[in-house]
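Taken in order, these protein sequences are the chains called V and F.
Residue numbers for the first sequence follow the numbering used here, so the first one is 1 and each next one is one higher.
Residue numbers for the second sequence follow the numbering used here, so the first one is 1 and each next one is one higher.
These aren't lab readings, by the way, just hints derived from the structure by calculation.
The C-beta atom is built at its ideal place from N, Cα and C for all residues, glycine as well.
Take the hints with a grain of salt, since some may be wrong.
Claimed, not checked - No farther apart than 27 Å at their CA atoms in a straight line, the calculated lysine-lysine pairs in the DSS-like style are these:
hint: 1; chain 1: V; residue 1: Lys82; chain 2: F; residue 2: Lys375
hint: 2; chain 1: V; residue 1: Lys82; chain 2: F; residue 2: Lys395
hint: 3; chain 1: V; residue 1: Lys29; chain 2: V; residue 2: Lys50
hint: 4; chain 1: V; residue 1: Lys50; chain 2: F; residue 2: Lys375
hint: 5; chain 1: F; residue 1: Lys620; chain 2: F; residue 2: Lys256
hint: 6; chain 1: V; residue 1: Lys4; chain 2: F; residue 2: Lys500
hint: 7; chain 1: V; residue 1: Lys29; chain 2: F; residue 2: Lys500
hint: 8; chain 1: F; residue 1: Lys500; chain 2: V; residue 2: Lys50
As the list claims (entries may be wrong) - Covered stretches of chain V, as calculated for chain F (at least 3 residues, CB under 8 Å):
hint: 9; region: 71-78
hint: 10; region: 158-167
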Amino acid sequence: MSKKMTLHLRVWRQPNARTPGAFVTYTVKDVSPDMSLLELLDVLNEQLIKQGELPVEFDSDCREGICGTCGFLVNGVAHGPKRGRTACQQYVRDFKDGETVTLEPFRAKAFPVIKDLVVDRSAFDRIIAAGGYISVNTGSAPDANSIPIPKDIAEQAFDAAACIGCGACVAACPNASASLFVSAKIAHLALLPQGQPERIRRVLRMVEQMDREGFGDCSNHGECEAVCPKSISIKTIALMRREYLRALWSR
Amino acid sequence: MAVAMKLDSKAPGGPLESKWTRHKNQLKLVSPTNKRKYTILVVGTGLAGASAAASLAELGYNVKAFCIQDSPRRAHSIAAQGGINAAKNYKNDGDSVWRLFYDTIKGGDYRAREANVYRLAELSVNIIDQCVAQGVPFAREYGGLLDTRSFGGALVERTFYARGQTGQQLLLGAYSAMMRQVDAGRVALYPRREMLDLVVINGQARGIVCRNLITGELEPYVGDAVVLCTGGYGNAYFLATYAKNSNATAIWRCHKRGALFANPCFTQIHPTCIPVTGDYQSKLTLMSESLRNDGRVWVPKKKGDTRPPNEIPEDERDYFLERKYPSYGNLAPRDIASRAVKAVCDEGRGVGASGRAVYLDFSDTIREKGIDYIKEQYGNLFEMYQHITGEDPYKVPMRIYPAIHYTMGGLWVDYNLMSTIPGLFVLGEANFSDHGANRLGASALMQGLADGYFIIPYTIGDYFANTTLPKVTTDHSAFKDSLAEVHQWLTKLLSIQGEKTVLELHRELGMILWDYVGMARNAQGLQTAIEKIRKLREEFWNNLRIPGDANMLNKNLEMAGRVADFMELGELMAIDALHREESCGAHFREEYQTPDGEALRNDERFCYVAAWEYTGDISKPELHTEPLQFEFVTPTVRSYK
Ligand SMILES: Cc1cc2nc3c(=O)[nH]c(=O)nc-3n(C[C@H](O)[C@H](O)[C@H](O)COP(=O)(O)OP(=O)(O)OC[C@H]3O[C@@H](n4cnc5c(N)ncnc54)[C@H](O)[C@@H]3O)c2cc1C
Ligand code: FES
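Generate the whole structure from the sequences, applying the supplied hints.
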């Protein structure tokens, strides 16, 4: 049995979007190092409820790093100390016994805080609605093997398609830019033969929507790539730029 | 006792191969201009819901789509790892629609409708075409064509996959198709909403009541039909491979409004999950079944052997799946493999600290095919295992144990996917499905998408064309009543102010279900379960403590509502398991087994779908049966030896 640990959690508490928030520090004692960070929050919340206090609200669903629901800043880093992972995949063993861990919501104008660690990321859905798709009605598809796609191209498209839409890239960016998220979708579809017909329209509309949502510009800091739990490469942003220029030229 | 009531499956007669085509030709159509006049409420945006919402909107219907998550893209379907079946026979290894049909019927231990299953196999090929056209990046071979692999319960390679993220990529495909319709103004999205009631007017499903999860407001929505795509109820067991928000509330409230609940005791245990490590654990993580293609399952031959795995010599290992099921080996179906794992652990040969685990060992494959092969096939799964356990599966064998993973039971639907409430359709895992008593791997994604893309667009039109739907608004008294009832119910939950949290009570329920309504069941245990659940339910309603109030984001309140429903559904699961005095598929009654421990079906008495009606008293549901006829295959003993 591994040794139990004690952690102090300095958590952002904010009752709703209209009321200002503040940090409150709590202590959770005797926890197993094998516990996940979200399970640690579960334990804290059980304590709070028993004491008649309001639990810390945070979003989570799959708790295995695939749905993109969880996400907040852990000691200032989106998702936490272990890179290439989501918040739900951080474990107590990744912290030091007795450490004070600061948890706060993703900070970005386009991601307003809803409560505590919960933010509104619906801007991402609106960007996808602005062209992040291939227009093919149900029933009209040709046989799946009628268009061969070279394996390496398919793999590259997959690397971009692996984005889980968690928003960590935005939270990590000093400009709160959504470029990594948007470029991942653009790269995924631009690399595939099926994505060609709408290539121009797609990049123009998605980029326009991104700007409209109030995300900042990309100035190549690369913080986004560093926190991305799916290791989406910043090269997709370069690809998006090329796509955008190309689209402007051909308009 | 089985009561004779006519449950009309509406399954068409005639030759198996042309049933669906003939049925489609007979379905009535709605004209394009008239489609615009109909509003369809689609609840849930997983594979079933997103594909249905997109396809219905493409046809011209007005669609409102609801989900619990902040974005439809995050539905539980996103977590599916292994793959999706389709009878494409690209591998030329003898696959066909018939064979997929046959494997599915047999895999379900002859407790599914032949007509439905054949249709599912038939539509499987269209699904792959549709998804590829949407840009789903399935695995490919060097020639650029699609790759496939084998999966549990099949001897052909018919499973299409996208790394270990098949569900994610399929869902993103369906989600993007739906978002295109949002763009076109045909789908209105309602995320962070939880459906808490179904509104039935003149016997027809005409609306829902949702709670806005941010503001806490109760919101009524009116429609001409309700399409429920709310997923399975495995979280009743608390520890499961489901996403935390998966729940039974939508189907349970519909059940209480009159929809029959079919085969609730058919719940699937998946053999390869990461074992439980501590009592703080919030969920279990699946290790995809595809791993069994290259991993070998074993335990030490000796009881209580605590040597590290690499110090146990080859001849002191028991590769029990290969030994017991030589023709399927490590690819034996889930129910069979899970029970075999339980059996060796019960014998005291389990490994790990708790003794409730077996090894899944890749060292032979690593030696034969190299580490790069494993990385390419399973890289992300290995990584996930390492994140969770802190152990490196490239070096030490994985430890795995069965966990609740899928529910075959669900709301009863006819061939048109309509429940016993007219206008209430149920798709995906939420219905009682085409998987009988056991689902084969990679078949849930297939079913959800077949339902959403290719079945509901046809059958809902027929319903509209044949039905008079009086104009109603949310001012109708049925909406007011429902709103008042839901409000009262929430107030009641909040007013208890006892000592125990939702999490504590949910865990207790989960333990009862896992112990007595889990992998192996018997009459005495099931009776105990029923008593214990009743007691626990009483405690729940007297000793629950929910913080905060209903007018705020309050996840404890959301959970409490879901657990309240699990407390009732749990009892129905036990009642159903008790009444089914046979073993079939995942439902294993210890009293009914062959001398070598395999499931013993009783076709004379139980070759039917058990559909339960809510009578107003949770403990006294009424049983209706839909007899299953096998015209094209003959139910035999399901052997994988
Ligand atoms: C870890 C894991 C791996 C799997 N791997 C595979 C695989 O490889 N192959 C395979 O075929 N199957 C697999 N399955 C099974 C398969 O993923 C599911 O059966 C399937 O995705 C269910 O899809 P669905 O659309 O029916 O429901 P879900 O995806 O569960 O979606 C339910 C939707 O309903 C919404 N909802 C629920 N209740 C309410 C409510 N009250 N109000 C409003 N909205 C509500 C949710 O928000 C969500 O949008 C796997 C399952 C798990 C757990
Ligand atoms: S909860 Fe799904 S990624 Fe963390």
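Hints versus structure:
no.: 1; hint: V:Lys82 / F:Lys375; in the structure: holds, 21 Å
no.: 2; hint: V:Lys82 / F:Lys395; in the structure: holds, 21 Å
no.: 3; hint: V:Lys29 / V:Lys50; in the structure: holds, 15 Å
no.: 4; hint: V:Lys50 / F:Lys375; in the structure: violated, 46 Å
no.: 5; hint: F:Lys620 / F:Lys256; in the structure: holds, 13 Å
no.: 6; hint: V:Lys4 / F:Lys500; in the structure: holds, 25 Å
no.: 7; hint: V:Lys29 / F:Lys500; in the structure: holds, 20 Å
no.: 8; hint: F:Lys500 / V:Lys50; in the structure: holds, 8 Å
no.: 9; hint: 71-78; in the structure: violated (count 0)
no.: 10; hint: 158-167; in the structure: holds (count 5)
Of the numbered hints listed earlier, those contradicted by the structure are 4, 9.
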